[in-house]
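Participant: Okay, here's what each chain looks like letter by letter:
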Amino acid sequence: MELGPYLILGLLEGLVTAAVLSLMALGLSLVFGVMRVVNVAHGEFFMVGAVLAWWIASAVGGHPALGFIAALLLAPPLTAGLAMLADQLVLKRIGYDPERTIVATIGLLYVIQQVTLMTYGPDARPVEAPFNHRLSIPFVEWTESGLAMYWPWGLGTTSYKLAVIAAAVILLTAIWLLMTRTRYGLLMRATQLDRETAQAFAIPVGRVYASVFGLGAGLAALGGVLIVPIQQAHYLMGHDPLLLSFIVVIIGGLGSLPGTVVAALLIGVSDGMISVFFSPTLAKIIATLAVAFVLIFRPQGLFGKRAL
Amino acid sequence: MKKTVHDTSADPARNNKTGDSVIDAAKPSRRAAIKTLAATTALAAAASTMPLFGRYGQVQSSEPIKIGFQVHRTGIGAAYGRWYDRTTKAAVKKINDEGGINGRPVEIVAEDDGTDPKRGAEVVEKMATQHGCDIAFGTLFSHVVIGSAPRAGELKIPYFVVSEGHHVASGMLNRYTLQPGITDVKSQVQAMAPFVNSTLGKKVTMIYPDFAFGHDHRDYFSAAVEAQGGEVVAKIAIPPTESSFTKYFPKIPRNTDVIYHVMVGPAVLTFVKEMGEFFGNSRPEIFGFIDSLEAVDLASPGLEFLEGTYFWEGNPRYAQANQSDYDKAYRAAVGVDANGASLSDSKDVATYAHMFGCWETLHIVKAGMEASGYAGAGDRAKLIEAVESMTSMPHSFAHPQGAKEFNGKTHQTFGHQYITKVTNGKLMLAHTTSIEDTYYPDEVDYTTQSF
Chain A
18 MELGPYLILG
28 LLEGLVTAAV
38 LSLMALGLSL
48 VFGVMRVVNV
58 AHGEFFMVGA
68 VLAWWIASAV
78 GGHPALGFIA
88 ALLLAPPLTA
98 GLAMLADQLV
108 LKRIGYDPER
118 TIVATIGLLY
128 VIQQVTLMTY
138 GPDARPVEAP
148 FNHRLSIPFV
158 EWTESGLAMY
168 WPWGLGTTSY
178 KLAVIAAAVI
188 LLTAIWLLMT
198 RTRYGLLMRA
208 TQLDRETAQA
218 FAIPVGRVYA
228 SVFGLGAGLA
238 ALGGVLIVPI
248 QQAHYLMGHD
258 PLLLSFIVVI
268 IGGLGSLPGT
278 VVAALLIGVS
288 DGMISVFFSP
298 TLAKIIATLA
308 VAFVLIFRPQ
318 GLFGKRAL
Chain B
2 MKKTVHDTSA
12 DPARNNKTGD
22 SVIDAAKPSR
32 RAAIKTLAAT
42 TALAAAASTM
52 PLFGRYGQVQ
62 SSEPIKIGFQ
72 VHRTGIGAAY
82 GRWYDRTTKA
92 AVKKINDEGG
102 INGRPVEIVA
112 EDDGTDPKRG
122 AEVVEKMATQ
132 HGCDIAFGTL
142 FSHVVIGSAP
152 RAGELKIPYF
162 VVSEGHHVAS
172 GMLNRYTLQP
182 GITDVKSQVQ
192 AMAPFVNSTL
202 GKKVTMIYPD
212 FAFGHDHRDY
222 FSAAVEAQGG
232 EVVAKIAIPP
242 TESSFTKYFP
252 KIPRNTDVIY
262 HVMVGPAVLT
272 FVKEMGEFFG
282 NSRPEIFGFI
292 DSLEAVDLAS
302 PGLEFLEGTY
312 FWEGNPRYAQ
322 ANQSDYDKAY
332 RAAVGVDANG
342 ASLSDSKDVA
352 TYAHMFGCWE
362 TLHIVKAGME
372 ASGYAGAGDR
382 AKLIEAVESM
392 TSMPHSFAHP
402 QGAKEFNGKT
412 HQTFGHQYIT
422 KVTNGKLMLA
432 HTTSIEDTYY
442 PDEVDYTTQS
452 F
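Chains A and B, in that order, give the protein sequences. Offset between the first sequence (1-based) and our numbering: plus 17. Offset between the second sequence (1-based) and our numbering: plus 1.
Only chain B is shown next, with the shape it has when bound in the complex (with noise of 0.2 Å):
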């Protein structure tokens, strides 16, 4: 009742929060407190009817959107939030350098989640009751969605998500969780498969973090693999926090073509080279997801033996000689040199391949807003089924990664992958998917699931 009172009063500059301390001061008694109500309602209902209230309507929609700002600052993801902050700051300046959404600035409200899904849970939570946020947005970490998705049906917040998992497509969330801006890895796997079945052999070997993002990758690789006729004859499983490996690979059969590998966490890079110090000079051919080697600088010492590798990149981290300006564009908005590092430090090392994902998403919700003449947290659902409404997502400044197809289903985007080759110590483009390679049969309409 109070806030509805404050809510509408004849001074919309004063918060609610001043408004209750004021009448905490005076202390009144029970009966004073009622009459300053009954005053203070009379005075709203009035100030509705008179023309200038248009006028505060006005304030009201020229305030900033406000986008809770899901981070991995601390934790085993953090090289990954530096970057997706960097790509974050720099997707909202060129935003409101163009006039932002509905003429609205947009605002973002950072919040870090220690890459920990329970704290994750507390961040999405805080943004929708306490920063009074419109979206939650970002995070990477598989496990920190799943933590935080729940939490964000329950209170009706749209929950955006850049992690590439598969556990928006497949179902396991809600109707409030989108991952509009960045392929999952059911799609990216399946893509990959024939190209490491017909150019590099057809026994595969796999080493994956133990945590759903690599169960996603041994299961869907697995099985489009087989369906290609190759087959998988090792699947090692590596804890996300361990540090020492080369105790894993002697689990590698000896009749291995190909090794797949794909690593998350600080120790990425003691993973690398302990590979390559455990094959020496007799390996196999080696097909890796870049989340190996993300932010870490491939001229690192012990990486040599990469030379002649293949990587999945979800976006290539070296300008290609087809660069577009596009990406020529994004590059220099975010702040990337052309070997994928900061601007300002050459050993700084992007995370290039995942955080286009951050600028892209942040795109789609000014789309979608716009479509939806979002004006506030009450057009919440409508905004969802405005951005459910996209599909095709041309390649352009806003999607500088390449053209997408959004399935409004799913809550998933689709889009091309790039396969590079490490080809003089630098990854150059080898393979470049159709968007139609990435698309498997649909596994849950959200549409269907009430607001």
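Just chain A, with the same shape it has in the complex (with noise of 0.2 Å):
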């Protein structure tokens, strides 16, 4: 394939990649911007979420797009319930103690996966996407006759890929709307700056706390469910989402939206264009030698702000 349709190809998938990111890591980075929990457990939301998608949508039936819509809209709520539930029962219990909470998502990341395998099974389930065109992308090349266009060989996408990117814009953009326009996403950032204070002024930051960890995990939960069409429900389907994620939110800074979708998009984009022209290992590599050297050179991320 020709440098530009291949530069394009890669942009195409890495694209489709950040997306999915960029909700993972907003939920991560969320999580531990107000509650200052790492949630190891995190990545396994994600699966949840594909996993239900999965439930769901054998469970509607009929045409696949009704079994997609019940999925996106009841897969998230639910997962962020579990999400709720796991921090009543483990989280409050050990005071959001910032070591014992590793400890104790790690312990949540492997009772969640075996619990899947053992309702689930090990198997890869798909789940039809809604809609699926091929879309075949034109590109220009000089010619005698200067500027034509032509349609090279391979170039193509999908249309529920486009959809998968458009829809990560809106959600993002509704996060956003929320943290900064709503009275719940001034409690959330009341409790983020301070949480005694916050207390003080009679903001309930236990139930901000356990609905924002239910949020990280339901914005877990969408990404599972919109790249459960194009890939497949497996129980250990969260790993490397989970380790992008926090290369992405450490290069972005803790709980800064802006820096997670810029650290999404360089991550996602770079990994699908190194992985094309080189070798995917050497994409893992490069992002992990990005996190160290932010870490040496910016400790709090790129759009992160200095902790007092």
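Lysine-lysine pairs mimicking BS3-like chemistry, simulated, CA-CA at most 25 Å apart:
#1 B/Lys329 to B/Lys95
#2 B/Lys90 to B/Lys67
#3 A/Lys301 to B/Lys236
#4 A/Lys301 to B/Lys252
Over the 10 Å line for every Cβ pair with chain A, so calculated as not near, a few chain B residues:
#5 Ser171
#6 Gln229
#7 Tyr440
No lab work stands behind these hints: they were computed from the structure. The structure presented is a predicted model; accordingly, all values stated were derived computationally and were not measured. The beta carbon of each residue, even a glycine, is placed where N, CA and C say it ideally should be.
Each chain sits in its own coordinate frame; assemble them with the hints.
Facilitator: Written out as structure tokens, the structure is:
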């Protein structure tokens, strides 16, 4: 394939990765920003979203769009409910202590993963996309008569992949509005800024914590539902996105929405490009190296604020 | 010392463990312990000279033959594991219904290896030392086999694998590891190359998983294609844990006549679907190993583009027009319908191209144990020698996939390969290779290694 079309294809694939990654990393970032909890089980909420999507879609039946829409509406709230339950049963009991929550969420990771294995099983199962048409993408080249359009071999994407990118943009905008324009967003930001003062101003910190943990998990689950028609639901699928989310959050700056989005784009697109031109292993090496450099030269992340 | 005493004691029904715990419970002094030992030794010596002792020999040998079954219950090989398990159970049921092995029933001790080499070695060790298995058997993924075989060799437990990797015949493993029930990748791809070159095209792009099994494909298929006057124009390795594939396809050169694909892991359906989306309606010829779609319903949305493409199958998933009575009986025994899916769930598609290997291997174990008069772990070397001396295995209910020729020196079996074409959404037989097509010169002689 020629360089130009090759780049476009790498870019499109990277954008799909970035779309899902930004939703997931945003959840991770919110949970850390507000609760100071490093949620190692975050990847499992992504997986639970995908697995629930399969369950709901196969229970609904009929046209694939019906099942998918039902999954999109039901799976994230259900996952959020599960996360809030975990918050109340586990994280609250250990007082959100930073070290102990890491260990607790590692435990949560294994519990969720193994329960899925015991109930859903070890298979990868597909959910049919609501719509999926192949779209050929034209490209331009210089010919004797000037610029001409042509359709390079293999350059294309699907309508569903474009829809995933669009959905991520809409959802990210919605989260941004929620954070900046609503009372709930205000409570969240206040809790993030100073937990004790917030409590002194009668902000129900406990409930804010539970809902933020739920929201974070719900965002991961949304990512899972969106990706499942492209990939398949599998009990081990949470592992890679979790690592990438940590990378994104560290590079972007914990608790910063624009930072998360920019870092997700950077990691997603560069992962697509480097994998295409060199090797997927090199893409991971470079991403990890970037984390190391960010930690050395700008520990607060690209967009993060320096801790007081 | 203590162990021998109890093994030959007058009460063989009482096992070592209970014997030990009785002594422990009494908390004896050292002198008392020595006295007891001496007394039991005397008793045992007396027992062995008594005429009744023969009876205990009989009791011993009607105990079940324990076959340790290393199975991919979890991890990326789980779909194979599920069907290897069902096939194994069906084969054991048949063998037991027909009177077992040497008059003894067969018992399967299954243990999950998690499709992980480290765990695989632990499982083999557990079977040898903890479960007291006579042999170890099973498992598909080549990295698990390569990780487990050295441990089997150290523990001197015969390890019958159903993995199709070339690692057995290449001489990489040891005398205790055998692959008598399934052909290896080298012979498979070598037999495919003439068909691919003459029917589909000369310029081939290979897409394969980036681990031992995929490397076997890469190395032996490239060599075989070049021997045919063809050319491999690109080799694209993909990590088996990859979940998104479109980014690899631009590496396919424009002048490719044929795509040769083989993929494993939970994301195989995504792989094939994205390949279809990449090509749109201008695909080259496509030849795949069914591994890319094992346990996947061919009617899954997004696979329509496969119509008219070809697949290697170890054993045709769909019942063919020339289906043998053996295949019919084997299908019924395992619980697979004419479309290669479970009789109880038409969405649960079998790993039909591979799992026959479990059925055939267990029958070979039976034949080997009977030929060697296998009585217990002490006869393991005799069992291996008996299997090594096997040659022709005719097409039969014990070998439903077809006739086989076993090479005792390389511990590897050779057999027919099937090429099917996707026709109206089903895999229909297009070509059957001869066994001779799959031969290559020996690379090792395991029989020269000591036990």
